[in-house]
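Using the sequences and the accompanying hints, generate a full structural model.
Protein chains in written order, with this note's numbering: chain A, 1 to 460; chain B, 1001 to 1496.
The reader is advised that the hints may include incorrect statements.
Here's a subset of chain A near chain B, in silico, CB distances under 8 Å, partners left out [what the hints assert, rightly or not]:
(1) L103
(2) T106
(3) G332
(4) D441
(5) F443
Hints are computed from structural coordinates only; laboratory data are not their basis.
Cβ coordinates follow ideal geometry from the N, Cα and C atoms, glycine included.
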Amino acid sequence: MVRILRNTKSAAVNPLKSSQPLGAAFAFLGVDGAMPLFHGSQGCTSFALVLFVRHFKEAIPLQTTAMDEVNTILGGADHLEEAILNLKIRTKPKLIGVCTTALVETRGEDCASDIANVKLKHVEELAGTEVVLANTPDFDGAIEDGWAKAVAAMIEGITRSGARTRQPKKIAILPGCNLTVADVEHLRDMVESFGLKPIILPDVSGSLDGTVPDRWVTTTYGGTSVEEIRELGTAAQCIVIGEHMRHPAKMLHGLTGVPYVVLQSLTGLKAVDRFVSVLSAVSGAAVPTRVRRRRAQLQDALLDGHFHFGGKKIAIAAEPDQLYQLATFFAGMGSKIAAAVTTTDMSKILEKVPAEWVQIGDLGDLEALAAGADLLVTHSHGRQASQRLGIPLMRVGFPIFDRLGSQHKLTILYQGTRDLIFEVANIFQANQHAPTPEALDSFRKREMPDELRSSPLTRH
Amino acid sequence: MTPLSAKIQDVFDEPACDKNRSKDAKARKEGCSKPLTPGAAAGGCAFDGAKIVLQPITDVAHLVHAPLACEGNSWDNRGAASSGPTLWRTSFTTDLTELDVVMGQGERKLFKAIRQIKETYAPPAIFVYSTCVTALIGDDIDAVCRRAAEKFGLAVVPINAPGLAGSKNLGNKLAAEALLDHVIGMVEPDDAGPYDINILGEFNLSGEFWLVKPLLDRLGIRVRACIPGDARYIDVASAHRARAAMMVCSSALINLARKMEERWDIPFFEGSFYGITDTSEALRKLAELLVRKGADAEILDRTDTLIAEQEAIAWKKLEAYRRRLQGKRVLLNTGGVKSWSVVHALMEIGMEIVGTSVKKSTVEDKERIKRILKDENHVFEQMAARDLYAMLSEGKADIMLSGGRTQFIALKAKTPWLDINQERQHPYAGYDGMVELVRQIDLAIHNPIWGQVREPAPWDCQPAVKDDLASTKNGTGTVNALDEFAGATAQRLGER
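In structure tokens, the structure reads:
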């Protein structure tokens, strides 16, 4: 049984998490023609925007209601209305995704009714643009929660409710935020190889995959279309990837009756086997030769790679589902999870993390707990800890701002697991310490405590 | 007879070699050079063998006189460790081109190469290796080395072991001859003492000799030269003033040990640092030889005390693994079991030896194997890859210990494998090394990937589930059916 150690510190030291509205905006960015809108002060948006840009190296559409002192006191509805109308006129988005921030939530704004009023008041002006709301105060949750809330908001606000005629080959997929662009692309290929038609929500592979469009676009270009979200109820099956996406799937099921199955991770041989079995069962099709080949390649990678993993101590800091994804991956290779740090204790997945305990905390906790580990696994901000501890860092999750191409790194299915094995094994090989006489001298090792005890006082 | 073929004849008639001694006069005359079977030969050439033996001498520039392949395809490929100089890992070759060969520019190029190295790196010595092509075109590396040594005032040592001369083992011995002819005895040490020893044939792979050296330090025994592991040129050049020697890897440098005994009266014994009892035995014998050569006899008691203390620590550490490894079956597939004491230690913690090859073992070795294994069927001369694969596939062993060459037979048969040859990553010598070996065996056997790779793909073995699912696909019951199905799949795979 995993023990969840609550955070007892007052000051977060080197934060691990990014805020909840950022997660919501991230999900909206996976929709075609979308414009995420932070309802808060300018800074909320600007910080999130900068972090997105540093991570994706892309122009990111993200707007703000720019709350100031006066409307913080008198109410932000006017600013929200103005922002929505301005965005509609200037960028003609198909979707405006409103993410609340701590500022307006603390004030206690009734944003839902504000938005309903705006829609009612401007029916004609807003024709062709959906406006949805995700309540995502910064003081609660982190990226995963924001992401899931945004997806739930889209399903609730856009998807046509009621039982629909099911299209037997149509599959709705709700991926967690820990999937990269490459992951989503690969996931689609895999599903299509079974003759199925996947609707992926959100689909960051269409919008954040780093292409160069032939014109200047102010909204997202590419991703799930609003029309596809509207027709999600005609899917024969919904597949959920990551525990944090269970809630949106439940909502879809409640609205339309589409059945869902939750797969907590798609990394590791057995997890992928399970997914492939589901696809095979849903489609009634045999597993394609190409997929079998990939499986065999992964088997070989497991054999070749395990020498580098056995007995290694791994320290991971990540959001709950990604922590689970990576911890099970490492444990499955024979490594020991020496330290597991995550952002929130709200996720049920934490109980399944293959570690003795999971610390709710920050990168300061990781640094304190990771001494003696062989590898740090977290986002780019782990680099200082890595340097101070002299332990190599494997960059995962968000943000990764000091390496290019993180979105094109595959981490799921047979191929992604194979790539992860190689990446980790290569980090270990690149950081091998040459043996030294001192390190191998057992007398020296044994005598160390005595020397330490005597030295400070006896030598004057 | 050319000087090279005379040398080869000489090293093949090795009186100190058990295997050679057990042959009759006629067989002995034929030497060890079994003609290789084209299309079915494996293993390195004489150049490879010579370079393996000499390359770990760390402050020497090793210059290979050859077209690119000999050095270009083989450099920086061994895991010996250095506590200081890194020059030995820098690769030097004359990289002969077609024009050099045709125009007879080899010797000139070699001479210039020596000068370049001397000017750029200023090493205490340069070892020059002849190879097939340069031997064939008749480059006189002895003459070039002699001239260069005079001109540049440093040791330039010709190593005459071209690949076409024979096997890797022969190359080992030719390298030893080169040391005897050109290096050992060249420098007179000013600090020779009664506790000086040589360790011969120890390569310090993964730094493993550093697991042993502290033991010797404790006893006040000084390693005059460890040849070649982590050696400096000057150590080797003054090795003739040691009082005793231990020969670690017998087949490689036996001629070196015997001739040093003949020339400089340095008695030697053959021992091993692999395994607990062998390590103790080696320490004891070193002390005995030193006493025989005039050292104070009190060292014997100190040695016994140290051994008792260290063995106790090691056995205690090993005991922790008994529960996890008891009854696990080990297949040893090395050229010849280098150390019986490894086998002894593995059996001591409850592991079972289910087979071993005796390809390079002597007659006595074979007898010993029979006594330990009881079942003679488990002893094999050499197993064909196909048979080995079949044996492992059938799950007849829990782990195979071998060299890199048979690695993939084990892995493709989905069987844990541990490298106990020269490419290995971990130090296994001495008391701590034995514990490390067992730790690595434990890690390999218990790695969770074995469960994963051995499991067949779930969709290949359960048609029943597919049928079940087909019937629930249209109804609203799908959510439960699928959840149940996926759950069942996951459960069967043991994910939760």
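Results for each hint:
1. L103: violated, 40 Å
2. T106: violated, 39 Å
3. G332: holds, 5 Å
4. D441: holds, 5 Å
5. F443: It holds, given that the least Cβ distance between F443/A and chain B is near 5 Å, below 8 Å.
When the structure is compared with the earlier hints, violations turn up for hints 1 and 2 and for no others.
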